[in-house]
Amino acid sequence: MRHFFILIGGPSRFQSCDKQHDQAWSNYLVPPQLASLHNWYNKAPDEKIHWVVYMNPYEFRWADDSIITEAEKKQSDGAWLHSIRKDAAMKVQRTGANSFLHRIQMIAAGFGITFKGIRTPQDFWDYLASFPKESISRVWYFGHASKDGLMLSLTHNNHCGVGALLTDMILAESLPPHSHLANRFDPKTKQASRFYGCYTNGFAQKWHQVFKVPTEGADQKIDFGVVNRPSNIPNVLERIIKTPTSAGDPGWTKY
Amino acid sequence: MKNLICIFILLAFSLVSACSAENNRNGNLEPALQNAFRAIYYSTYGLDYPGDEEGIAHCIAYKDEECLKIFNRVMDAKQFIVAQIQADPERVLNITLDTIFTYAEFMPDPKAKQSDPDEELHDVSTDIGAIMALYFFNRDEQDQVILNRMIKAPLKILEYLFYHPHAWMHNRPHPERWVTFVETLPENSFSIHDKKFLIDTFRATDFKKSGIMLDRPSQ
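These protein sequence lines map, in sequence, to chains A and B.
So for the first sequence, my numbering puts the first residue at 162; every next one is plus one.
So for the second sequence, my numbering puts the first residue at 4; every next one is plus one.
No lab work stands behind these hints: they were computed from the structure.
In this text the structure is predicted, and so the values were computed from the model without any measurement.
Where hints are given, some of them may not hold.
Said to hold, decoys possible - Non-contacting residues of chain A with respect to chain B, defined by C-beta distances greater than 12 Å in every case (computed):
| # | residue |
| --- | --- |
| 1 | 185 |
| 2 | 195 |
| 3 | 203 |
| 4 | 204 |
| 5 | 210 |
| 6 | 213 |
| 7 | 260 |
| 8 | 347 |
| 9 | 349 |
| 10 | 394 |
| 11 | 400 |
Claimed, not checked - Going by beta-carbon spacing under 8 Å, a handful of chain A positions derived as facing chain B:
| # | residue |
| --- | --- |
| 12 | 308 |
| 13 | 315 |
| 14 | 322 |
| 15 | 323 |
| 16 | 326 |
| 17 | 329 |
| 18 | 334 |
| 19 | 341 |
| 20 | 363 |
From the three backbone atoms N, C-alpha and C, an ideal C-beta is built for every residue, glycine too.
Starting from the given sequences, assemble the full structure and let the hints guide the process.
Structure representation (structure tokens):
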């Protein structure tokens, strides 16, 4: 038995000043959900899938979106974001879930996927370390990222500047101190560890150097919004890495 | 007599104004620097901040507004800090170190359940931004002042100092002085792997410019 970990980052709290990020709570859940539905990740018979979910942002977002009491102004594009968020929360409740996290757990269970909730980046490393030697086939990531690393959650400052708390990041430069975990990876694996996030190229390269496994990442921005837009590429994982953004081609790179 | 009174009033007013301006300048320096620390925090933790010089060129070529906005904000803050250091290096170093120590008190425990990230951001970005600003203090006497403060620092501060952005480590005048200090760090907080990484980082000479090390491209 080999283990395939899919690390799922979370959305920011909703900020009406930020129209670019996380209008929807489920941006980083839908691609792995569809991948499971269609087996777009070509799961090997001996692979066991784990969704490693960063729980904190989903809890904050649920608290905000499920109980909205403030009056909201109509946006310049005519949308009432208040009602959009409320509708998303009610849709989750109609499935029988009592929170975004509960919904994710239900989806994971439906696909026979092991759900592992984490609260710190260290929890992620501890989880990998708890598996036997040569048992990890690959690691995938869905979420925000920067050139410096994976942003498991996003936050806003007073100027609506967008960034992450240091406690919410897995920095590329934090990979070498975890090089002792290289023996957890299957040295013969041909299945790439993929990092679906903006600017993950450097992170993928470092992961490849440290853990000696094939990796892939984006040199530039990627847009998870393409999942909901018409395209002639039916596989959304492929669509994400091939669709140009306002900053050019994603530049998907393999190591 | 009337003229004398007028001159006296004018002199008194000038004196009060001068004192007030001086107080204002001193009083405003700390919050202004801390504001700049919060801005340079985004050189590592900001979404869309360019990772290297090619990244800046890409932002400019594609007129990437989000990238250019965050890059310019960080560069303005960097320019401000460097200018203050040139004017009064000792005072600015003291404010920087005091900020690291003061704000560390309010830093979240990474092992505890997180509170509201938007509320934590102010303290975290002030403290980590101040640590990042150590990059600008690379004269021998400044480095010694920093090390002397860190030798007596509580573990929590050392963890934040060493676990996060490392640009300042690449700019030490005498890296071996820091290597010696790293070797004394408690092993229950800094594993052999951590220490090796830190020592390699202090000794590295082939690093690529990124984060706060970047500059605005010349015209």
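Evaluation of the provided hints:
{"no.": "1", "hint": "185", "result": "holds (17 Å)"}
{"no.": "2", "hint": "195", "result": "holds (24 Å)"}
{"no.": "3", "hint": "203", "result": "holds (31 Å)"}
{"no.": "4", "hint": "204", "result": "holds (31 Å)"}
{"no.": "5", "hint": "210", "result": "holds (26 Å)"}
{"no.": "6", "hint": "213", "result": "holds (17 Å)"}
{"no.": "7", "hint": "260", "result": "holds (16 Å)"}
{"no.": "8", "hint": "347", "result": "holds (22 Å)"}
{"no.": "9", "hint": "349", "result": "holds (25 Å)"}
{"no.": "10", "hint": "394", "result": "holds (22 Å)"}
{"no.": "11", "hint": "400", "result": "holds (21 Å)"}
{"no.": "12", "hint": "308", "result": "holds (3 Å)"}
{"no.": "13", "hint": "315", "result": "holds (7 Å)"}
{"no.": "14", "hint": "322", "result": "holds (6 Å)"}
{"no.": "15", "hint": "323", "result": "holds (4 Å)"}
{"no.": "16", "hint": "326", "result": "holds (5 Å)"}
{"no.": "17", "hint": "329", "result": "holds (7 Å)"}
{"no.": "18", "hint": "334", "result": "holds (6 Å)"}
{"no.": "19", "hint": "341", "result": "holds (6 Å)"}
{"no.": "20", "hint": "363", "result": "holds (6 Å)"}
Hint violations for this structure: none, all hints satisfied.
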